[in-house]
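As you go down the protein sequences, you meet chains A and B in turn. The opening residue of the first sequence carries number 21 in the working numbering; numbering runs sequentially from there. The opening residue of the second sequence carries number 12 in the working numbering; numbering runs sequentially from there.
Label pairs and their computed distance ranges (CB to CB):
no., chain 1, residue 1, chain 2, residue 2, range
1, B, I214, A, R36, 38 to 48 Å
2, B, P387, A, T244, 52 to 62 Å
3, A, Q137, B, G321, 45 to 55 Å
4, B, T282, A, G88, 30 to 40 Å
5, A, S47, B, T282, 31 to 41 Å
6, A, D144, B, T282, 41 to 51 Å
The calculated lysine to aspartate or glutamate pairs, modelled on EDC-like cross-linking and capped at a C-alpha distance of 20 Å, are:
no., chain 1, residue 1, chain 2, residue 2
7, B, K84, B, E117
8, A, K225, A, E246
9, B, K453, A, D156
10, A, K99, B, E360
11, A, K148, A, E121
12, A, K148, A, E210
13, A, K181, B, E360
14, A, K263, A, E242
15, A, K198, A, E210
16, B, K104, B, D180
17, B, K453, A, E121
18, A, K263, A, E250
19, A, K258, A, E236
20, B, K356, A, E77
Stretch-level coverage of chain A by chain B, calculated; a stretch enters the list once three of its residues show a Cβ under 8 Å from a Cβ in chain B:
no., region
21, 104–113
22, 116–130
23, 149–161
24, 170–179
Since the hints were derived computationally from the structure, they do not count as laboratory data. Built from N, CA and C at the ideal position, the CB exists for glycine as well.
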Amino acid sequence: MDKKEPIIILENVHKRFGHVHALRGVSLEVYPAQVVVVIGPSGSGKSTMLRCINHLESTDSGRIVVDGITLDRAKNINKVRVEVGMVFQLFNLFPHLTAVENISLAQRVVRQRSPDQAQEIARDLLVKVGIPEKADSYPSQLSGGQQQRVAIARALAMQPKIMLFDEPTSALDPEMIKEVLDVMLDLAKEGMTMVVVSHEMGFAKAAADRMIFMDEGAIVEEATPENLYENPQHERTKLFLSKILH
Amino acid sequence: MASDKIPGSQPASLAVDARARRRGRTGLALPWESIPWWGVIILLVGVIVGYSVFTSTRYIDALYFIFDLPWNKQALGRLDEVGESGAWSLTTKPALEPGNYTLYAEFQDETGATVGRSDVYRVKVAQTASEVETEPLPAPGPTPIQLQTSTPTIAGTAPVSATVVLYEDFSNNPWRVVKRIWSANGVLLTIRVTLVAFAGALILGLLFGLMRVSNRSPDLTLNLGRRLLIGLGLIALLWVTVPAWRGLGSLVVVAAIVEAIMFLLPAMPYTFSTLYVEMVRGVPMLVIILYMGFAVTPSLRNASQDWATGAIDLRGLPAAIIGLSFGYGAYLAEVYRAGIQSIPKGQMEAARSLGMSYFQAMRYVILPQAIRVVLPPLGNDFIAMLKDSSLISVVALPEVLQQGRLWISRNFRAFEGFNSVAMLYLVMTLLLSLLVRFIERKTALPGR
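Model the full assembly from the supplied sequences, consistent with the hints where possible.
Shown next, in the form of structure tokens:
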């Protein structure tokens, strides 16, 4: 794909939940193989923006184009979702299926792969995320970090062009954060387009091409990780960083 | 310690307590977990058999009647009060189809007890046999007697003033036995009605449950033009098929109603299912069954009498089953809804984010989990329906209660009759709750 063509375009997106104005005119462009890390206080619209890209939330106005397909309320949503993998804060693994079944279900149902082929891909992905021995375990038998890695493998199994991470490490024990971040770093190195909502500074510095600071439903500041952390321009950014960096 | 004060052997209850403590339980507790489920069944059957055998032969008689026994033979003729000579002669009625039969007569005294039997005749009715009167059959030999009549006569001698019953015995024909059991009254009818009606209610409940969790205020403008266009097509279809509505006034009304429905179509599933649940849940089961049995199905039959396809006659058993399914569908819809809504929202989002459609996500992700949640309440409703199936006796179906009452009206033994009925329901419901527990254990997820 042409490097100059953005793979995700948000144009002046607005979203309201009742009286709450969650997104106030967000515009963003993400290019293929870019890693964008989004930070911001809670309620600033980071997750909402991510969920709008996947159309888990509909927008009130504005335009979202993903991989050349404009998201509207028509039937192209599933087509877009297949190209966009999403990883959730609370993993959202399917508790009635084993790790392998979790990864192969959507391949069979959506990608129409044969059960054998789907299983093979699932086992390969489990090797990739470092837990091949947990293939036949149920989510309740896995640790948080292992569950999140299965969730990443599940999203990868659809061979998405874009991966969205919604605070993937904030529900994890401190010890387990690294194993998930390592998997994400590998992905970034392989050239996956990623939009990550996360406050993990180490990951941002190692992998992010750009960082975005959001507040009150709008993008306040956009910079490289070094510039944002060391030399924030905006008052609000400085205040926020002074609170999370200690 | 208690054992210090009481000399001699250790009390037996201490062993039970020790076992309970090993299982991490304290206090007075029976070790129910150590009794296997089939042990419980044997125990129950033992109690029933013991109860009926050791109290009174009346119970055996009542249970025999409520089970609609025997299942291996069929009465083909009956002769009360054999005369002084003891000679009797009986002709089969109805006529026999071509094939092999085993015929014999049983002699009973005035209490109904068997006091003797005739010879056993094995006969073969020819394909060409007709209903002609013939001489009584000759003495039975080793080979079947070839018959050209489909109404053979058997004669012999019996004790004076006995009752003679002519039976066709089909124990050696498993298919006939299965057919007889399938059509048996009493317990088997109750089981049959409950199984079929519950299967219907499960499907109906799932359908309406899914409608109940659908969007209650969807975007009515989505595909509005296409919907209204389909509405126009429907109006045209009505114009062609129903001449009575061709007047301008009625056409306007019909068009308005059709287009209003098409406009509100996306909101229909929620609205319609809510209407169904609230209305059906608020009407007593007895009323629903009477309604189905005496109002809906008879008028359906009347209305369909002139149709080319023939009258649709759903009176009797189908009406009862439809009534039960219809009534319980409303309860089960709510059970399913609760189950589906108990699954965290993230599950649907995760499935959708993988590209699954709403229905794929329901089918593969939400429902498999929801079913596990709703199993206990479903079992509850299954048992409730088994008990409510006694209501269908009001449309004169010979299920357990009806058979019991029939037996009582013949024997004037209300206690024995109703005790038997109550016991049978109890045994059936207890077995059912065992089954439900078994299914729950089998479908449980590890670590849950």
